[in-house]
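A.B. asks: First to last, the sequence lines map onto chains H and C.
Under this note's numbering, residues 1 to 250 are what the first sequence spells out, in order.
Under this note's numbering, residues 1 to 422 are what the second sequence spells out, in order.
It should be emphasised that the hints constitute simulated quantities derived from the structure, not laboratory data.
All values reported here derive from a predicted model rather than from experimental measurement.
Be aware that a few hints might be false.
[As the list claims (entries may be wrong)] Okay, derived cross-link-like pairs now, SDA-like style, lysine to any residue, Cα gap no bigger than 20 Å in a straight line: (1) K3(C) <-> K240(H); (2) K420(C) <-> F98(H); (3) K256(C) <-> R81(H); (4) K135(H) <-> G263(C); (5) K79(H) <-> K19(C); (6) K420(C) <-> K134(H); (7) K134(H) <-> F262(C); (8) K415(C) <-> S17(H); (9) K245(C) <-> L95(H); (10) K3(C) <-> P157(H); (11) K79(H) <-> F262(C); (12) K69(H) <-> F98(H); (13) K14(H) <-> H261(C); (14) K420(C) <-> F75(H); (15) K79(H) <-> H261(C); (16) K417(C) <-> F98(H); (17) K135(H) <-> K420(C); (18) K256(C) <-> D88(H); (19) K420(C) <-> L219(H); (20) K256(C) <-> R74(H); (21) K415(C) <-> Y59(H); (22) K3(C) <-> P16(H); (23) K420(C) <-> P16(H).
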Amino acid sequence: MSNILISIDQLSKKYPSAKEESLKKVSLEIKVGEKFGIFGPNGAGKTTLISIMCHILPYRHGSVKFYHKGELIRFTEIKKRIGFVPQDLAMYEELTAFHNVEYFGALYNLSRDQIQERANHLFKLLGLSNVANKKVKAFSGGMKRRLNLIIGVIHQPDILFLDEPTVGVDIQSRNAILDFLNTINANGTSIIYTSHHLEEAEQLCSRIAIIDYGKLIALDEISTLLSDNKVQNLTQLLIKLTGKAFRDNV
Amino acid sequence: MYKPWISIRKEFYLLFSDKVGLSLMFLMPLLLVFVITIIQDSAFKVVNENKISLIITNNDEGELGKKLSEMLLTSGMFDVIEKEYSDPLQLQKEVTNGNSLTALFISTDFSEKIELKSTQFSQIIMANLGLQESKQFKEINLPFIKFFNDPALQDNYVYSIISVIYTHLNVIEISQMLEGIYIEMGYAGIPPEVEQGIFKNRIQIERHVNGEAFQLPNSTQHNVPAWTIFAMFFMVISLGANIVKERSTGSFMRLKAMPTHFGVIMASKQIVYVTVGVLQVLFIFSVGAFVFPFLNLPPLSMPANALGIMAVVFVSAFTAVSYSLMLGSVSRTQEQSNGFGAISIIIFAAIGGVWVPTFVMPEYMKVISQFSPLHWCIEAFYVLFLRGGGWANLFKPLYILVIFALFCQIITFVKLKQDKLI
């Protein structure tokens, strides 16, 4: 039990306007220090699952429990320990990069000195030191994605949730982001990640869950899933498990 | 304290980067105050300060026409110019051509007919008193006084002018009748003590306006507070868009995953925008008080009740902020927020008395105006600026504004809750 970070049991979620449940009795466990990937087609329920884990969305059925050294973490403590990097560039384009980090850092109850020190370090690691005092609206897509990530880790979370953190960025920015995630994971931060870039996921994740139509259809080490399903890579695996049909939902 | 401070500072930075919003909140109302005040100032002056231009053509062959002219001249209400025309149509042309707002044509038989009527009337009285034999009199066709006015003058104002002329005519007629009676009784005319008693020592009307330190309504006293309130509510463009943007960019979602109370974020926005509202008042009122005199406009005269002013400004700003938050929370896009926000404020301003004071509106519009928050803001300012009222008079408008603001806050909370943002 001391190895368990998050335990999800029979989790179901239905949006008021939806006909069907977005998540149907999902149960899984994520271990401490893991780089865990959640994959599936569009509308499968990945973002809903991450949003529930981040306490952004409420749920009625099932349970989501967080542990630290085997002890159940209280609800009020969870938000202090998690970091969230949303798919949207959730920042203020009219502010400078540093003011964005300072604002979100302050909301994590960090002091000005802590923010200054950590921001300098993170800006350096992700190549934004030269533009830290420039307004974000002048940034490229890749720079904004890197800043989005810095905001999510400024408080040095135990668990980092990333919802498609590299969407629409150039190869250099993607490489920098993945290197950074590997670095903070090596330093003890557990990573829970979702993306449509499956090659990238193969590089980053150790264990994955595949969700389709709100149901958990696969959960294991990547290598085990590939060999069990007799496929070469994650793309083939996903096509095999979820089919070729489009998932357009209007 | 670091968290609220950074949160407030972030809102200020966002506000300062919104140049369009700032222009709408500070420059647009300033321009409106200048333009509307200058235009309305002349209209207010016509009513309150300027004399009405009056051309008199006196063709009377007797003295009474001259007497009427002198009475109108000394009434202080008219700028009298005398011109000679034989035809009233020539005089009418003076008004039609815009040379004068009003004109009065006195016919040649004016004195003759009034004197005839007076003589007849005094003889009737003498006969009734048994001092003379009764006679049969023919009815006298009294002369017309022709009055012309510019069609731009409002009817009620024209009736006031005609009423003034009638008053002077009555004085002349009564004076003539009394003189006739005295002459019939063998006197040379009205004894001076009688004339003094009847025409000079008259009941005076003392004018009292509510409150002690009242200001006569002028263009500044109306326009400066009214357009400042309009400007305050126009913060809906900036604040409404701010809320929509934070929702659409996912910032609210990110904030929800953070160990911070959403109240801190919303309170920061409200503190900043209430401060903006106060700054708008300081800015526009200062211009009204100190810059207007240089433009030959009446300066804004501040009421003595400083605490009352502060309360009205704060409650008005809080109401404007609450309305903006509500619109921002129910709008899905910035276009919706900006479009509906601007149109709703213009409608609220129109029915609320920003452009035209509500007391000149028809009854049903007066009822409708009560649904405009701007109406109650203006009412509160009027209590202080025009009526010299106190806290008791302020209670009703402030109470209604606070209720409206709380209603908006509740709608905002419910909507954000419904959208799972808080």
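A.B. asks: For each hint, tell me whether it holds in the structure or not.
C.D. replies: Results of checking the hints against the structure:
| no. | hint | verdict |
| --- | --- | --- |
| 1 | K3(C) <-> K240(H) | violated, 49 Å |
| 2 | K420(C) <-> F98(H) | violated, 29 Å |
| 3 | K256(C) <-> R81(H) | holds, 14 Å |
| 4 | K135(H) <-> G263(C) | violated, 27 Å |
| 5 | K79(H) <-> K19(C) | violated, 36 Å |
| 6 | K420(C) <-> K134(H) | violated, 33 Å |
| 7 | K134(H) <-> F262(C) | violated, 28 Å |
| 8 | K415(C) <-> S17(H) | holds, 15 Å |
| 9 | K245(C) <-> L95(H) | holds, 14 Å |
| 10 | K3(C) <-> P157(H) | holds, 19 Å |
| 11 | K79(H) <-> F262(C) | holds, 13 Å |
| 12 | K69(H) <-> F98(H) | violated, 34 Å |
| 13 | K14(H) <-> H261(C) | violated, 26 Å |
| 14 | K420(C) <-> F75(H) | holds, 18 Å |
| 15 | K79(H) <-> H261(C) | holds, 11 Å |
| 16 | K417(C) <-> F98(H) | violated, 30 Å |
| 17 | K135(H) <-> K420(C) | violated, 30 Å |
| 18 | K256(C) <-> D88(H) | holds, 14 Å |
| 19 | K420(C) <-> L219(H) | violated, 29 Å |
| 20 | K256(C) <-> R74(H) | holds, 17 Å |
| 21 | K415(C) <-> Y59(H) | holds, 19 Å |
| 22 | K3(C) <-> P16(H) | violated, 34 Å |
| 23 | K420(C) <-> P16(H) | holds, 11 Å |
Violated hints for the displayed structure, listed by number in ascending order: 1, 2, 4, 5, 6, 7, 12, 13, 16, 17, 19, 22.
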